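Required output: the full structure, derived from the provided sequences and hints.
Here the sequence shown stands for residues 1 to 529, where the numbers follow my numbering.
Just so you know, the hints here were simulated from the structure itself, not pulled from any lab data. Predicted, not measured: the structure shown is a model, and the values here were computed from it. Take the hints with a grain of salt, since some may be wrong.
To be verified - Straight line, CA to CA, 30 Å or less: simulated DSSO-like cross-link-like pairs of lysine-lysine: (1) Lys84 - Lys110; (2) Lys341 - Lys282; (3) Lys215 - Lys94; (4) Lys432 - Lys410; (5) Lys341 - Lys321; (6) Lys45 - Lys113; (7) Lys93 - Lys174; (8) Lys159 - Lys94; (9) Lys360 - Lys340; (10) Lys404 - Lys358; (11) Lys340 - Lys358.
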Amino acid sequence: MKRILSIFLTLIIISGTFTTSFAADFDINQVIAETASYIYKTISKPQIGSIGGEWAVLGLVRSGVEIPEEYYQNYYKALEECVKERKGILHDKKYTEYSRVILALTSIGKNPKDIAGYNLLTPLGDYEKTIWQGVNGAIWALIALDSGNYDMPNNPNAKVQATREMYINHIIEKQTSDGGWALSGDVADPDVTGMALQALSKYQNNEKVKTATEKALDCLSNMQKENGGFSSYEVETSESSVQVLVALCELGVSIDDERFVKNGKSVLDNLFSFYENGKGFKHIHEDSTNLMATEQCFYALVALKRASEVRNTLYDMSDAKKVNVSSDTVGLAGKNADVKKMSITSPGKTFADIAQHKDKTAIESLASRGIINGKTENSFEPESTMTRAEFATIIARGLGLPQKSNVIFKDVTTNDWFYNYVGTAYSYGIIKGVSENEFNPNGTITREEAAVMVTRAAKLCGMDTEMDTLAVRDSLAQFFDYVKASSWAQSSLAFCYNEKILDDSVMDIKPKEAFTRAEIASMLYNMLL
Numbered sequence: 001m002k003r004i005l006s007i008f009l010t011l012i013i014i015s016g017t018f019t020t021s022f023a024a025d026f027d028i029n030q031v032i033a034e035t036a037s038y039i040y041k042t043i044s045k046p047q048i049g050s051i052g053g054e055w056a057v058l059g060l061v062r063s064g065v066e067i068p069e070e071y072y073q074n075y076y077k078a079l080e081e082c083v084k085e086r087k088g089i090l091h092d093k094k095y096t097e098y099s100r101v102i103l104a105l106t107s108i109g110k111n112p113k114d115i116a117g118y119n120l121l122t123p124l125g126d127y128e129k130t131i132w133q134g135v136n137g138a139i140w141a142l143i144a145l146d147s148g149n150y151d152m153p154n155n156p157n158a159k160v161q162a163t164r165e166m167y168i169n170h171i172i173e174k175q176t177s178d179g180g181w182a183l184s185g186d187v188a189d190p191d192v193t194g195m196a197l198q199a200l201s202k203y204q205n206n207e208k209v210k211t212a213t214e215k216a217l218d219c220l221s222n223m224q225k226e227n228g229g230f231s232s233y234e235v236e237t238s239e240s241s242v243q244v245l246v247a248l249c250e251l252g253v254s255i256d257d258e259r260f261v262k263n264g265k266s267v268l269d270n271l272f273s274f275y276e277n278g279k280g281f282k283h284i285h286e287d288s289t290n291l292m293a294t295e296q297c298f299y300a301l302v303a304l305k306r307a308s309e310v311r312n313t314l315y316d317m318s319d320a321k322k323v324n325v326s327s328d329t330v331g332l333a334g335k336n337a338d339v340k341k342m343s344i345t346s347p348g349k350t351f352a353d354i355a356q357h358k359d360k361t362a363i364e365s366l367a368s369r370g371i372i373n374g375k376t377e378n379s380f381e382p383e384s385t386m387t388r389a390e391f392a393t394i395i396a397r398g399l400g401l402p403q404k405s406n407v408i409f410k411d412v413t414t415n416d417w418f419y420n421y422v423g424t425a426y427s428y429g430i431i432k433g434v435s436e437n438e439f440n441p442n443g444t445i446t447r448e449e450a451a452v453m454v455t456r457a458a459k460l461c462g463m464d465t466e467m468d469t470l471a472v473r474d475s476l477a478q479f480f481d482y483v484k485a486s487s488w489a490q491s492s493l494a495f496c497y498n499e500k501i502l503d504d505s506v507m508d509i510k511p512k513e514a515f516t517r518a519e520i521a522s523m524l525y526n527m528l529l
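What follows is the structure, encoded as structure tokens:
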């Protein structure tokens, strides 16, 4: 019996069931969504600054979470005013101020070469002033310049004109004897080591850089604690795990690499140990959450998410989408004056059952604006069908139309939750009944019915929806079953396929079949995009 028990215990230990994983307790997509919402609500007007400024902007825009463009407009406006007031000088000595701002600007697709008439890249061309802060200055100058693949700026006032090679060499020269980096002294600090690796990540074809990188990774591995975290100046902080995690992502090293898993715990496990549901992250375990730690932990999770999806790294912003920093949102010339762009009210809203769904972006975008709801708080049920009343509701919400109670259908009463939405959609000519006085609100919406309603909505938005008979026939002839579509729906179906509101890569229309909730979200999103 003792022998059996001994074997049983040995197997448990080998299998690792004695260790627990924080990462297993959290859905990274959910945490990103919750933290994005927290940052958006807490920092209502981002300004220039290491807290409540650039890191919040960069993290949010690189996360892909739906945030109102007004948010980035406010930041850009505040930046322009600050640059004008300071006459282009963000700081006399701390040139990391320029690097941080350049990163934020690049992330929103703005060129730092012309901000209120000033080129914010120019200061980084001054080698001596940039490294006045030590290795930190060189590190962030490289990260900033490489984020947009900017040429090294010529600084006519510099005593020593900088080059990328000079910054790389400076970083390597400052490597400590134990293989890492520190702001001072010869004992490596995990934060600075992680940042240095981020800066050197783009130069791994350089033999000196490659050698320095391998030494630094070994150094970090040796510094990692049994709980997966790191201590800076003998204090374990979330920010230390942040910089190591981002470094691994920039280098393409898996967080499950055996060098960075201790006692079954990874860097991610440690990072999650600082998290409080919906309240952000702590700096140290004994504290409450704070904004600085939250912003940094957030962008680290964004870096990991991007790596897991094989997208550009956090700091490789060649894929940055230009944000419209103008507040002009008039829309198409023929738009009905009552059509309004819906603002984001729940940034980061997502559902557990759409994490891997192809229509995830569309669903999250509509949900964040209150246009479409889940079946429950955490469940969307993407493959379920939608009723005609539900469809009328999301169309009315999607266009931001003022509610009207003009209902002529006897099967839609004032006690129905959808009464005003059906009345609104009917008043604007988006919907019609299945007969003169019946709407059939609880009937499922078919693909051809949805196409007709979306086409009417598109016309309200100012789109040209008219197509002649020949154009309709040419558009639909590619589908095997186009003849099954009702004559009253064919023009609308053709319009939706032509405008990419419906996916024209499929082989058939299936006009009489019910649309799924995910397909409807995608359709409306494509129309409003």
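Status of each hint after checking the structure:
no. : hint            : result
1   : Lys84 - Lys110  : holds, 17 Å
2   : Lys341 - Lys282 : violated, 36 Å
3   : Lys215 - Lys94  : holds, 29 Å
4   : Lys432 - Lys410 : holds, 13 Å
5   : Lys341 - Lys321 : holds, 20 Å
6   : Lys45 - Lys113  : holds, 24 Å
7   : Lys93 - Lys174  : holds, 20 Å
8   : Lys159 - Lys94  : holds, 17 Å
9   : Lys360 - Lys340 : holds, 24 Å
10  : Lys404 - Lys358 : violated, 35 Å
11  : Lys340 - Lys358 : holds, 27 Å
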